[in-house]
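Trainee: For reference, the chains in residue letters:
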Amino acid sequence: MKVLVAVKRVIDFNVKPRVKMDGSGVDLANVKMSMNPFDEIAVEEAIRLKERGVATEIVAVSIGPQKAQETLRTSLAMGADRAILVQTPDDIGSEVEPLAVAKILAKIASEEQPGMIILGKQAIDDDSNQTGQMLAALLGWPQGTFASKVEHADGQVTVTREVDGGLETDRLKLPAVITTDLRLNEPRYASLPNIMKAKSKPLATRTADELGVDITRRLETLKVAEPPKRQAGDKVGSVDELVGKLKTLGVVQ
Amino acid sequence: MTALVYVEHENGEVRDATLAAVTAGSKLGEVHAFVAGNNVAAVADAAAKIAGVSKVLVADGPHLDHGLAENVAPVAAAAMANYAAFVAASTTTGRNLAPRVAALLDVMQISDILSVEDDSIFTRPIYAGNAIATVRSSDSKKVITVRGTAFEKASREGASASIEPVDAGSDSALSSFVAMDASESERPELTSAKIIVSGGRALGSAEQFHALIDPLADKLGAAVGASRAAVDAGYAPNDYQVGQTGKIVAPEIYIAIGISGAIQHLAGMKDSRVIVAINKDEEAPIFQVADIGLVGDLFKIVPELTEKL
Ligand SMILES: Cc1cc2nc3c(=O)[nH]c(=O)nc-3n(C[C@H](O)[C@H](O)[C@H](O)COP(=O)(O)OP(=O)(O)OC[C@H]3O[C@@H](n4cnc5c(N)ncnc54)[C@H](O)[C@@H]3O)c2cc1C
Ligand SMILES: Nc1ncnc2c1ncn2[C@@H]1O[C@H](COP(=O)(O)O)[C@@H](O)[C@H]1O
Numbered sequence: 001m002k003v004l005v006a007v008k009r010v011i012d013f014n015v016k017p018r019v020k021m022d023g024s025g026v027d028l029a030n031v032k033m034s035m036n037p038f039d040e041i042a043v044e045e046a047i048r049l050k051e052r053g054v055a056t057e058i059v060a061v062s063i064g065p066q067k068a069q070e071t072l073r074t075s076l077a078m079g080a081d082r083a084i085l086v087q088t089p090d091d092i093g094s095e096v097e098p099l100a101v102a103k104i105l106a107k108i109a110s111e112e113q114p115g116m117i118i119l120g121k122q123a124i125d126d127d128s129n130q131t132g133q134m135l136a137a138l139l140g141w142p143q144g145t146f147a148s149k150v151e152h153a154d155g156q157v158t159v160t161r162e163v164d165g166g167l168e169t170d171r172l173k174l175p176a177v178i179t180t181d182l183r184l185n186e187p188r189y190a191s192l193p194n195i196m197k198a199k200s201k202p203l204a205t206r207t208a209d210e211l212g213v214d215i216t217r218r219l220e221t222l223k224v225a226e227p228p229k230r231q232a233g234d235k236v237g238s239v240d241e242l243v244g245k246l247k248t249l250g251v252v253q
Numbered sequence: 254m255t256a257l258v259y260v261e262h263e264n265g266e267v268r269d270a271t272l273a274a275v276t277a278g279s280k281l282g283e284v285h286a287f288v289a290g291n292n293v294a295a296v297a298d299a300a301a302k303i304a305g306v307s308k309v310l311v312a313d314g315p316h317l318d319h320g321l322a323e324n325v326a327p328v329a330a331a332a333m334a335n336y337a338a339f340v341a342a343s344t345t346t347g348r349n350l351a352p353r354v355a356a357l358l359d360v361m362q363i364s365d366i367l368s369v370e371d372d373s374i375f376t377r378p379i380y381a382g383n384a385i386a387t388v389r390s391s392d393s394k395k396v397i398t399v400r401g402t403a404f405e406k407a408s409r410e411g412a413s414a415s416i417e418p419v420d421a422g423s424d425s426a427l428s429s430f431v432a433m434d435a436s437e438s439e440r441p442e443l444t445s446a447k448i449i450v451s452g453g454r455a456l457g458s459a460e461q462f463h464a465l466i467d468p469l470a471d472k473l474g475a476a477v478g479a480s481r482a483a484v485d486a487g488y489a490p491n492d493y494q495v496g497q498t499g500k501i502v503a504p505e506i507y508i509a510i511g512i513s514g515a516i517q518h519l520a521g522m523k524d525s526r527v528i529v530a531i532n533k534d535e536e537a538p539i540f541q542v543a544d545i546g547l548v549g550d551l552f553k554i555v556p557e558l559t560e561k562l
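Protein sequence lines, in the order shown, are assigned to chains A and B. Numbering-wise, the working numbering puts 171 at position 171 of the first sequence, and it's gapless, one number per residue. Numbering-wise, the working numbering puts 524 at position 271 of the second sequence, and it's gapless, one number per residue.
Keep in mind that a hint or two might mislead.
[What the hints assert, rightly or not] One-sided excerpt, in silico: chain A residues whose CB lies under 8 Å from chain B:
hint, residue
1, 19
2, 21
3, 164
4, 235
5, 239
Hints were generated in silico from the structure; no laboratory data involved. For every residue, glycine included, the Cβ atom is placed at its ideal position computed from N, Cα and C.
Go ahead and model the full structure; you've got the sequences and the hints to work with.
Mentor: Given below as structure tokens:
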């Protein structure tokens with residue numbers, strides 16, 4: 001079975017995002033960019049499926065600017081077999097919306113015919129948490145969202161999902177879309193030899209136009225502002241003082 | 254315009270998160286409620302009473318049990334023929350379902366809204382809440398998920414809406430429910446609790462997490478939360494995680510114990526009314542948002558605090 005993984009280039013999770021002075025967005029100039037952490041988990045899961053003999057080939061896909069090649073190279077260094085960059089014009093960059101990303105991935109899925117597509121549950125820049133579910137809808141496939149365990153047997157997958165009330169387990173027919181949650185696995189680091197090897201793995205470049213997908217935004221960003229700031233309060237010197245404060249607040253009698 | 258609000262339910266009861274979604278929906282116009290499930294007459298009755306709801310659509314059938322998105326989304330999308338907006342709570346249920354509905358309608362969803370500015374302009378957090386975007390949707394129908402902490406809960410009583418059955422569709426046979434491993438707790442639910450006691454990596458083990466955090470939470474009648482590090486390490490179940498990619502909470506009092514205050518954690522709790530932090534590192538970023546801070550060893554402080562309360 002072929003497995004497709006979707007990887008997005010985003011601001012590194014260790015960087016504190018800063019809103020641009022003109023309110024047009026978040027300042028990404030000279031900011032460290034990395035693979036979306038949930039997508040690292042997606043790549044890792046695909047590699048484990050291959051190590052278990054379930055997956056035969058892993059194809060990583062990214063939709064974004066030319067720089068997203070770096071993200072794809074990272075996935076190749078981790079263990080993906082080949083990569084596809086759907087390159088976007090510079091003025092759009094990584095601002096392609098989940099619906100358009102899902103349409104592009106659906107087109108690629110119809111060409112590649114994977115048995116499974118693994119995405120992150122959420123991109124840590126737009127925090128949308130939509131793309132996997134949309135892709136599943138467009139393909140008419142089942143969706144195993146927020147997965148913390150994926151077990152494959154007899155043409156089906158059993159997915160344990162992190163939901164608000166605990167852990168839900170669903171069984172899905174293949175082909176299926178899976179979105180990863182934090183506890184699914186711990187992604188490996190690419191070793192130096194594998195980083196070298198990744199340089200010669202195939203990386204194809206496509207465009208949305210050529211795939212016949214309109215990526216015009218449906219949501220126009222009118223303004224981006226900083227959230228209200230909290231002021232640091234006082235430090236107390238003892239538990240008694242803390243109890244006193246909590247009493248003033250009416251937390252305890 | 255009229256908004257169709259998705260009703261989340263569990264054991265025949267409407268979940269709290271839906272009440273905030275109703276309030277958000279009413280900012281758009283008239284609100285009709287959409288109930289899907291198996292034998293959900295009682296849920297429909299409850300939904301019909303929620304203040305602000307003027308009609309309830311009910312899709313009832315065994316294949317709609319457990320709210321499987323593969324089966325519910327087509328029914329919701331079909332019902333949307335007569336509505337201008339589909340509104341769901343930004344819970345794991347809403348996040349699982351709404352984008353599937355949006356794609357079937359060829360609409361770009363607006364996730365996790367904080368406010369309704371007018372019928373096509375909304376605000377929503379991006380970058381772990383470090384920025385608030387104001388967005389205008391050009392789609393003719395809106396699909397929206399609602400951040401529960403940003404809207405008042407509609408009252409469970411007050412309306413007597415009419416109830417109308419709708420076509421329940423059929424089983425897609427794409428997915429089936431196997432099991433739910435619910436974390437049982439006598440404590441209040443995290444997202445509606447007035448007080449939350451949250452523990453981090455510093456607790457060191459599941460045993461110590463329970464030995465220190467639980468008695469304090471019990472004393473305060475509080476819910477228990479955790480950082481990602483504490484959940485990853487197995488000190489607390491996954492549904493305790495507060496943060497950017499966990500639960501968003503805004504209680505009256507949030508007590509962070511042995512939590513450093515990474516941006517991903519702050520994203521989930523910085524709208525709490527009062528934040529208390531206990532940490533041995535006076536430079537920990539959590540103190541930058543804490544109203545009351547106590548620097549010291551939690552293994553000494555927490556038992557003493559529990560005793561003195
Ligand atoms: C994609 C992604 C999503 C994430 N989502 C979330 C999320 O939703 N929620 C979340 O919480 N995190 C999330 N994180 C993780 C986040 O970045 C931090 O790693 C995490 O919040 C750290 O947890 P912590 O504060 O418990 O641990 P640490 O950062 O290790 O902090 C432990 C703190 O305990 C203090 N301490 C140690 N010993 C004692 C003692 N004896 N007494 C008192 N204090 C002590 C230390 O000074 C330190 O400040 C996410 C990360 C990524 C990459
Ligand atoms: N531009 C993109 N390129 C590749 N994958 C993407 C892109 N945008 C979103 N995804 C995938 O969809 C997931 C969820 O993203 P989102 O719906 O934006 O929160 C991510 O974790 C990725 O796996």
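Trainee: Hints first: check each against the structure and report whether it holds.
Mentor: Right, here's what the structure says about each hint:
The beta carbon of residue 19 of chain A is positioned within 8 Å of a beta carbon in chain B (closest approach about 5 Å), and the interface hint is therefore held. For residue 21 of chain A, the suggested interface contact is broken, since its CB lies about 13 Å from the closest CB of chain B, more than 8 Å. A least Cβ separation of about 5 Å between residue 164 of chain A and chain B falls short of the 8 Å threshold, and the interface hint therefore holds. Annotation: interface hint on residue 235 of chain A holds; nearest CB of chain B at approximately 4 Å, less than 8 Å.
Checking residue 239 of chain A against chain B: minimum C-beta separation of about 5 Å stays under 8 Å; hint holds.
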